[in-house]
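There are 2 protein chains.
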Amino acid sequence: MYNTIAKPIPQRSAEEIIQLRRQHLNPTLSMSYQEPIKMVRGRGAYLYDEQGNAYLDMVNNVCHVGHCHPTVVAAGQAQMAELNTNTRYLHDNIVEYAQRLAVTFPKELSVVFLTNSGTEANDLALRIAKTYTQNNDIIVVDHAYHGNSPTMIELSPYKFDGKGGRGRPAQIQVAEIPDDYRGQFRRGDSKAALQYANDLHRCIQAIHDRGAKPAAFYCESILGCGGQVVLPQGYLAAAYAHARAAGAVCIADEVQVGFGRSGQHFWAFESQNVIPDIVTLGKPICNGHPMGAVVTRPEIAQAFITGMEYFNTFAGNPVSCAMGLAVLDVIEQEQLQKNAAEVGAFLLEALMNLKTQHPLIGDVRGMGLFIGVELVKDQTLRTPATQECKCVIEYLKAHRILLSSDGPYDNVLKIKPPLVFSLANAKEFLNCLEEALKTLS
Amino acid sequence: MYNTIAKPIPQRSAEEIIQLRRQHLNPTLSMSYQEPIKMVRGRGAYLYDEQGNAYLDMVNNVCHVGHCHPTVVAAGQAQMAELNTNTRYLHDNIVEYAQRLAVTFPKELSVVFLTNSGTEANDLALRIAKTYTQNNDIIVVDHAYHGNSPTMIELSPYKFDGKGGRGRPAQIQVAEIPDDYRGQFRRGDSKAALQYANDLHRCIQAIHDRGAKPAAFYCESILGCGGQVVLPQGYLAAAYAHARAAGAVCIADEVQVGFGRSGQHFWAFESQNVIPDIVTLGKPICNGHPMGAVVTRPEIAQAFITGMEYFNTFAGNPVSCAMGLAVLDVIEQEQLQKNAAEVGAFLLEALMNLKTQHPLIGDVRGMGLFIGVELVKDQTLRTPATQECKCVIEYLKAHRILLSSDGPYDNVLKIKPPLVFSLANAKEFLNCLEEALKTLS
Chain P
842 MYNTIAKPIP QRSAEEIIQL RRQHLNPTLS MSYQEPIKMV RGRGAYLYDE
892 QGNAYLDMVN NVCHVGHCHP TVVAAGQAQM AELNTNTRYL HDNIVEYAQR
942 LAVTFPKELS VVFLTNSGTE ANDLALRIAK TYTQNNDIIV VDHAYHGNSP
992 TMIELSPYKF DGKGGRGRPA QIQVAEIPDD YRGQFRRGDS KAALQYANDL
1042 HRCIQAIHDR GAKPAAFYCE SILGCGGQVV LPQGYLAAAY AHARAAGAVC
1092 IADEVQVGFG RSGQHFWAFE SQNVIPDIVT LGKPICNGHP MGAVVTRPEI
1142 AQAFITGMEY FNTFAGNPVS CAMGLAVLDV IEQEQLQKNA AEVGAFLLEA
1192 LMNLKTQHPL IGDVRGMGLF IGVELVKDQT LRTPATQECK CVIEYLKAHR
1242 ILLSSDGPYD NVLKIKPPLV FSLANAKEFL NCLEEALKTL S
Chain C
842 MYNTIAKPIP QRSAEEIIQL RRQHLNPTLS MSYQEPIKMV RGRGAYLYDE
892 QGNAYLDMVN NVCHVGHCHP TVVAAGQAQM AELNTNTRYL HDNIVEYAQR
942 LAVTFPKELS VVFLTNSGTE ANDLALRIAK TYTQNNDIIV VDHAYHGNSP
992 TMIELSPYKF DGKGGRGRPA QIQVAEIPDD YRGQFRRGDS KAALQYANDL
1042 HRCIQAIHDR GAKPAAFYCE SILGCGGQVV LPQGYLAAAY AHARAAGAVC
1092 IADEVQVGFG RSGQHFWAFE SQNVIPDIVT LGKPICNGHP MGAVVTRPEI
1142 AQAFITGMEY FNTFAGNPVS CAMGLAVLDV IEQEQLQKNA AEVGAFLLEA
1192 LMNLKTQHPL IGDVRGMGLF IGVELVKDQT LRTPATQECK CVIEYLKAHR
1242 ILLSSDGPYD NVLKIKPPLV FSLANAKEFL NCLEEALKTL S
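As given, the protein sequences belong to chains P and C, one line each in that order. Mapping the first sequence onto our numbering, position 339 (from 1) lands on 1180, and the numbers just tick up by one. Mapping the second sequence onto our numbering, position 100 (from 1) lands on 941, and the numbers just tick up by one.
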């Protein structure tokens, strides 16, 4: 017993790895960059390739408290050597985690369900919403992405209206994206938020027209795949009111933006002065270890008691909970929410200054360390500068800064680094971005 | 930076933990036993409670190579300190894992998709099957459970026909369970397998009657929630032929029974002399760390290239793959499949002997270390002895052996220990089970 010697894992060249991916892996999986990078190590805000080159990581909103944070790693290492089993036995870690997580929410949101991913969390939220409301139809925001499961693809316009998509299912209604840069109601229009929210009336009417009622309104607290869109102030309050009046519950998807990323608040929905009925969590929750969560009100959780258990084999195991607790410890003790607020504010202001000098920058928006820089070919027509966006990303990569793009036209630079991203990191990025813009013009 | 001291996790009494679960956790989550146990440590085939009492674990088919196996733990510990990032960068672990996993399958099954759970694997298999066949309807086996997502609940009779279930959706057809102990065709009937398989004709007809075609036939290679039912020899070959003739692909769910558990073969479907089109994996794949996988034929994987990417944030990360590789190493080097075959054969024979002396045992069946002992009140009527089954489990618990039950009447003792379960463990269990049966009679 215990006499296994782990076989060494062969170190392969990038070409060999790409070849093996072609032969044995999911062929739909894309790779970052024209020439993909083989990463072998991560520390703080940096990823390192085989040659030891350090890349400043502005893409990873998963390794939230920094790559391989020693406190999180140590918590996982210790617990995995001690016990990893399911939630049908009693364990200290799961209740401590549920309690500590609940404390970060408004007191109305006090019941936690654990899953293995943000997709599983959004899937579970749907079941809970349908059971609680006894309704079936769903309202989502245009261009939203809520997960990779069959059900989440059916309710994600980013997927069902995207390449290979099968279009909008009858039970899903798509509300206009409240994009006050590109949409029909623009920033500066004091009624933009309410006018966007009014589009929920159309969705609700369409649901009523088919003899149904809405079970839920899903909305990310800052829109991710929609293009890093900050919701106009007042949007969620009005949209929630419309949705609730029609019998729906309101689900805040914080998979990308939660855990202090937005700076001023621990949860991004708080910036909209609302309390959702259900909140879904994922990506940063365990700094890369697979976990997700649903947080809801006790009365909604109680209504989910129908005789059908929600049991999830891996979810809530002692290792995941230990790592989740460590992530909460690090955010708190290293004041990462404050760092997100400060570095984010600095970045936002500097990017807005950069915008005044570079007509390629159409818009700068964001909150904390979740920022979008929308590139356009023409400031008035707002023609998406998709190709230029790609060039900026490749330029930054050549200078060892990792950045991705998003948005319906894939022309929005998507800034979402680990929260340990420093002022010095921000300055390095700004300098490099400025060079890239100069090179392009 | 890096100055976080993890807060100690309070050690709470069982009562306090139960109280906090009530306050902050998923209220549908059941606990094992009338008086739940607080487990704090796991080693090999044993779990340990707070007082240091060792419980022989015959429930955990997740901690497959033994609780906290040092080789698997070391692999996870080392990799999590080095790098944990997504699959859009190149990494050695993922291609090594995909290649090593593919080697364990018939050569036709060579493409691997990684997920975070068995549920996510079955969900993805459904998307692949629908895309490949361009059909929509699904055939499943009665009492089957394939996962906890909205889609998997819709296709799991165990859920949709169980408490809180909403019944069978129109696009799902349920084939009769090929249970040759309790069903209409019994063991000894040489045509039982073919006759059960013929029920797929009825399912296919029902699909045609609604103007549709089948996309997939899902079947566990040994039925789990159905009551540890070994498929009659020839069942899958005939059922696959019927399903394929109607245009469906055949999905083998190996989430519970794969990775050598069935003893004679690494994959339980091999005992039926078939090659599925898609195989789904979960539970034991990383010994408790959250991972799942879909393995399929290249032509099916290619057909999934529609422009829509399957990207899964956590899945396939270097830590999960390192742990998956270590699990494969341990199974191979510690010859755990052979152990499953030998200890399983011994157990099966001993249980059959026990059956001759104890009329409460109606049936003994299984393969390797996946065995069911069905308890009945009457050998002829086969009346389920559900309450007695519960008593046996509580009796074993009092003697520090962990066992669970399953099956449509919850009267089947479900034997599925970690594969390090030894002959001595088997003897200890048999002695204790015999005492339990004597006490009951």
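No lab work stands behind these hints: they were computed from the structure. Remember, predicted model here, so these are calculated numbers, not experimental data. Each hint should be verified, as a subset may be incorrect.
For identical chains, the list gives no copy identity; a pair is met inside one copy or between any two copies.
The calculated lysine to aspartate or glutamate pairs, modelled on EDC-like cross-linking and capped at a C-alpha distance of 16 angstroms, are [stated by the list, open to error]:
#1 K1054 / E1017
#2 K1231 / E1183
#3 K848 / E1269
#4 K1032 / E1269
#5 K971 / D890
#6 K1004 / E857
#7 K879 / E1173
#8 K1231 / E1190
#9 K1231 / E876
#10 K1279 / E876
#11 K848 / D1170
#12 K1238 / E1269
#13 K971 / E876
#14 K848 / E1275
Hint check results:
1. K1054 / E1017: neither (19 angstroms within a copy, 36 angstroms between copies)
2. K1231 / E1183: Neither. Shortest intra-copy (28 angstroms) and inter-copy (59 angstroms) distances fail the 16 angstroms Cα cut-off.
3. K848 / E1269: neither (41 angstroms within a copy, 34 angstroms between copies)
4. K1032 / E1269: neither (38 angstroms within a copy, 74 angstroms between copies)
5. K971 / D890: Cα proximity of K971 and D890: none, with 46 angstroms in one copy and 39 angstroms across.
6. K1004 / E857: neither (29 angstroms within a copy, 51 angstroms between copies)
7. K879 / E1173: neither (33 angstroms within a copy, 29 angstroms between copies)
8. K1231 / E1190: For K1231 and E1190, the Cα distance exceeds 16 angstroms both inside one copy (23 angstroms) and across copies (66 angstroms).
9. K1231 / E876: Classified as within; 13 angstroms inside a copy, 60 angstroms across copies.
10. K1279 / E876: Answer is neither; intra-copy 23 angstroms and inter-copy 70 angstroms both fail.
11. K848 / D1170: between (35 angstroms within a copy, 7 angstroms between copies)
12. K1238 / E1269: Classified as within: same-chain Cα gap 13 angstroms, cross-chain 61 angstroms, threshold 16 angstroms.
13. K971 / E876: neither (45 angstroms within a copy, 33 angstroms between copies)
14. K848 / E1275: neither (47 angstroms within a copy, 43 angstroms between copies)
In terms of the numbered hints stated before, the structure departs from hints 1, 2, 3, 4, 5, 6, 7, 8, 10, 13 and 14, listed from lowest to highest.
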